[in-house]
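**Q** So the sequence lines, in the order shown, correspond to chains A and B.
So the first sequence is numbered by my numbering: it starts at 1 and just counts up by one.
So the second sequence is numbered by my numbering: it starts at 1 and just counts up by one.
Among the hints, erroneous ones may be present.
[Claimed, not checked] Distance ranges between label pairs, derived from CB positions:
(1) A:Glu201 <-> B:Arg96: 20 to 28 Å
(2) A:Asp123 <-> B:Arg96: 24 to 32 Å
(3) B:Arg300 <-> A:Glu201: 48 to 56 Å
No lab work stands behind these hints: they were computed from the structure.
What you are looking at is a predicted structure, and each value in this text was computed from that prediction instead of being measured.
The beta-carbon is built from N, C-alpha and C at its ideal position, and this holds for glycine as well.
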Amino acid sequence: MFAAGGSQAEPEMAGAALAELCQIYWAPLYGFVRSRGHTVHDAQDLTQSFFAYVLEHKVYARADRQKGRFRSFLLASLKNFLADAADRERTLKRGGAQIFLPLHEEQAQEAESLFQTHSGMSDEDRLFDRSWAEALVATALGRLLADYKREGKEQLFNELRMFVAGGAGPLPSYTELGHRLGITESTLRSHVTCLRARYRETLRAEVRRTVDSEAQVDQELRELLHVLTQL
Amino acid sequence: MGKPLPSGVGVCSMCGKPLNAKGDCLACLLRTGLDHAAVETKPTVLAFGDFEVEQHPDGSCWELGHGAIGVTYLAADKVLRRRVALKVIEVPPAARGSQAVRDRFLREARAAATLRHPNVAAVFQFGTSPDASHCYYAMELIEGETLAARVRMDGPLNAKEALKIAIQIARALVAAAAHDLIHRDLKPSNIMLTGDSEVKVIDFGLAKAITNAGGEMDLTHGEFVGTPTFASPEQFGGAPVDARSDVYALGGTLWFALTGLAPHSGKTLEEIRDGKTRDRLPVAQLIARKVPEPLVKLLRSTLAIDPGKRPASARELMEALESCRRNLTRRVGVRSEEAALRSEAFSRALTNAKACAGDRESLQALFDSAVKKAAAVSKKPFKRNWAYLQTMLRLIRAYHRGEYDQVSDDALVWIIAALNYLVDPFDLIPDSTPFLGLIDDAYVVELVTDKTRRTLDAFMTWETAAH
Chain A
1 MFAAGGSQAE
11 PEMAGAALAE
21 LCQIYWAPLY
31 GFVRSRGHTV
41 HDAQDLTQSF
51 FAYVLEHKVY
61 ARADRQKGRF
71 RSFLLASLKN
81 FLADAADRER
91 TLKRGGAQIF
101 LPLHEEQAQE
111 AESLFQTHSG
121 MSDEDRLFDR
131 SWAEALVATA
141 LGRLLADYKR
151 EGKEQLFNEL
161 RMFVAGGAGP
171 LPSYTELGHR
181 LGITESTLRS
191 HVTCLRARYR
201 ETLRAEVRRT
211 VDSEAQVDQE
221 LRELLHVLTQ
231 L
Chain B
1 MGKPLPSGVG
11 VCSMCGKPLN
21 AKGDCLACLL
31 RTGLDHAAVE
41 TKPTVLAFGD
51 FEVEQHPDGS
61 CWELGHGAIG
71 VTYLAADKVL
81 RRRVALKVIE
91 VPPAARGSQA
101 VRDRFLREAR
111 AAATLRHPNV
121 AAVFQFGTSP
131 DASHCYYAME
141 LIEGETLAAR
151 VRMDGPLNAK
161 EALKIAIQIA
171 RALVAAAAHD
181 LIHRDLKPSN
191 IMLTGDSEVK
201 VIDFGLAKAI
211 TNAGGEMDLT
221 HGEFVGTPTF
231 ASPEQFGGAP
241 VDARSDVYAL
251 GGTLWFALTG
261 LAPHSGKTLE
271 EIRDGKTRDR
281 LPVAQLIARK
291 VPEPLVKLLR
301 STLAIDPGKR
311 PASARELMEA
321 LESCRRNLTR
331 RVGVRSEEAA
341 LRSEAFSRAL
351 TNAKACAGDR
361 ESLQALFDSA
371 VKKAAAVSKK
381 PFKRNWAYLQ
391 TMLRLIRAYH
401 RGEYDQVSDD
411 ALVWIIAALN
421 YLVDPFDLIP
431 DSTPFLGLID
441 DAYVVELVTD
451 KTRRTLDAFM
461 TWETAAH
C-alpha cells in the first residue's frame, strides 16, 4: 500500500507521505461525513479529527496490505471512527489530536461545494468514490501543471489540457489550433501525445501511492470509472 | 438509459459524460490513465493483427480521429502493403469475457465487411486483440475531410450541395439496408468528403456493437456513447432501433450541413433528449438560410419524433431527397446570370452554335431545334412557345436596332447559343412558378430582355477584348 507509507525503515517519511495523502483526499472524507447529516463545522472537525487519529495512531500500519486499496481502507476506518461515538466525543473534547492537519479555508469551501453538487445524486459510498476520483485527477493535473510551469510551458499546458480533460466545446482541429499557436500540425500532435502520456503516468503514479501493485492501478481506475457511469 | 443529470451540468463533447464544476470530464481523465496507447508510442510500434499503426517523425501514433469510443489511426496493412484507417476500440473490462458481446461484434463486422458501395468506406478486416481488451477493424482510407470539418471551415452549405451529400448518404443507407445493417451513429463527423463532395460513410454499426451492448456488460450502462446530438429520440429510451433512426440522423446531418447547427442542442443529455421529444423544430434556422420550402417540409418529416411519421426507409428518403433536388434545380436556374453564362448548358449551346458558324442553314436548324425543345418541355401549345421565341428575337433586334444586320457571324453564333440556352425550361421558370405555362408574359419579357442584354453584353466584352 502507499509506497512511502509502507516503508518501515523511514517512519517519518512514511508519516509525511500519509499526511500528504490525507490532505489530497480530505474532500471525499469530508463529503462522506456531511452525507451522514453532520453540519459543516462538525464535519470539518470530525474529518480533521479522523485524519489526526489516523496519523497519531498509525492506523495505516495496521492495515492488511493484501486487502487492497487505501481508498477502501480509509472509508472503512472512517465508518468505524464515526460509529464509535465515545472515541469521537473524546477526540472532540480533547480539542483535536496532537498531530493535526492544517485546514485551509479554500480547501474547506471547495469540499463543501463538491458535496453540495453531488449530495443528491447517489448513496454516500458512491458520493465518496466520486469525490475521490475528483481529488485524484485534480492532484494529477495539478502536478502536471507544476511540471509544465517549471519547464516554462504553462501556456502550452493550458491550451492542450482539453485533450485530456475534455470539456463542453468540441476539440479544435489540429490544423486550426496549430495555426493559432503558430506551430506545425505535426509538432502539435507530438505535444498532445506527450501531454497525454505524461498525464497518464502522473495519474497512475498518484494511484500507485494508494494501491499495492501495478495491476491494482488499472483495477482502481476502472472501478472509479465504473462509479462515474452509475451516478 | 442513465439517470437524469442535474440541470446545468454540462456534458463532455468527447464522451457525453457530465463535466465537473471545473468543466473537466472526470471520465476522460480517468480513461486516459487506462489508455495504453498514450505511452506505447515511441519505441513500440502499435500493432493489431496484420496492421501496424504509423508514426509521426517524433514517434507518436498517427491519429486520424479520436472519439469517445475509440481512436482511428493511420495504419499499414503488412500483408497487402496498403494504408488503411484502423479503428481501435477498448472493450469495457466487464464485457471482455462476454460471448454475447463478441458474437454481436462479429455479426456486425461480417455484415459491414460484405457491404461494398461507392458511398461506404469499405471494411477490409476486423479482429480482437489476444487479451480481448481491444476490438479493431481496418477501413478503406479516405483522403478528405469530414462533413463536420467542412462546415466548420467553410460555413453552411447551400441547398444544392447539401442535397448532393445527403443523397449519397441515403444511397449508402439503402445499400446497408440490403445487408440488414443500420448505422446507429450517423453524424457529420462520420461522413467523409473527398475532393468533389463525394461521400463515404464510415463506422457502420461496428463501434456501437461493442460499446452499446446493453445491460451490465456495457461500460456506460446503457447510456450514450459519443455525442447524442444527432441520435433519434427512440435511441434515448432504449427502444428498439431500426432504419428509421438512421433516417432521423440523416435529417439532423442534413440540417447541420444547411445551417451549421444541430436541430436540437443542449448542455446536458437531458436537455438534448427533452429538446428532441418536446421542442418544436427551430425551422427559423432553415428559413434564415433560405432553404427551399420542399426541403424544409422533408426535414420536418424526417425529424419527426414518431418514427412512424418519418420516411419509412432509406430508399423512401433517398427518393424524396432526389425529388427535392430536381425541384431545386428548376428553381435556382435563374438565380445567377453570371454563373449561368459559365454554366455547362451555355457552354454546350455555344459549342454547338460555333460548330454551325458561317453556315446560315445550320444556324437556322439550330434555331428550329430550340423552338422544338421549347415546345417539348412546356407541354403548352406550340404557338404560345413560338410567340415567346418571336418575342425574344424581336427583343434582340430591338436591342440592336439598326445594327442587327451588321452583327458578325460570331455574334450570331452567340445569339443562337443564347437562344438555345434561354429556352432551357429550367432557366425560364421563376422561383415561385412551377409551370412554364403559368409564367406571366410580362415577366418573360422582362426576364428575356434582361437575360439577353446580359448575354449580348458579355459577348460585346468578349469581342472587344478579342479584337
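**Q** Taking the Cβ atom of Arg300 of chain B and the Cβ atom of Glu201 of chain A, is their distance within the range 48 to 56 Å?
**A** holds (52 Å)
**Q** Regarding Asp123 of chain A and Arg96 of chain B, is the given constraint of 24 to 32 Å on their beta-carbon distance met?
**A** holds (28 Å)
**Q** Are Glu201 of chain A and Arg96 of chain B spaced within 20 to 28 Å by their CB atoms?
**A** holds (24 Å)
Of the numbered hints given earlier, the model fails none.
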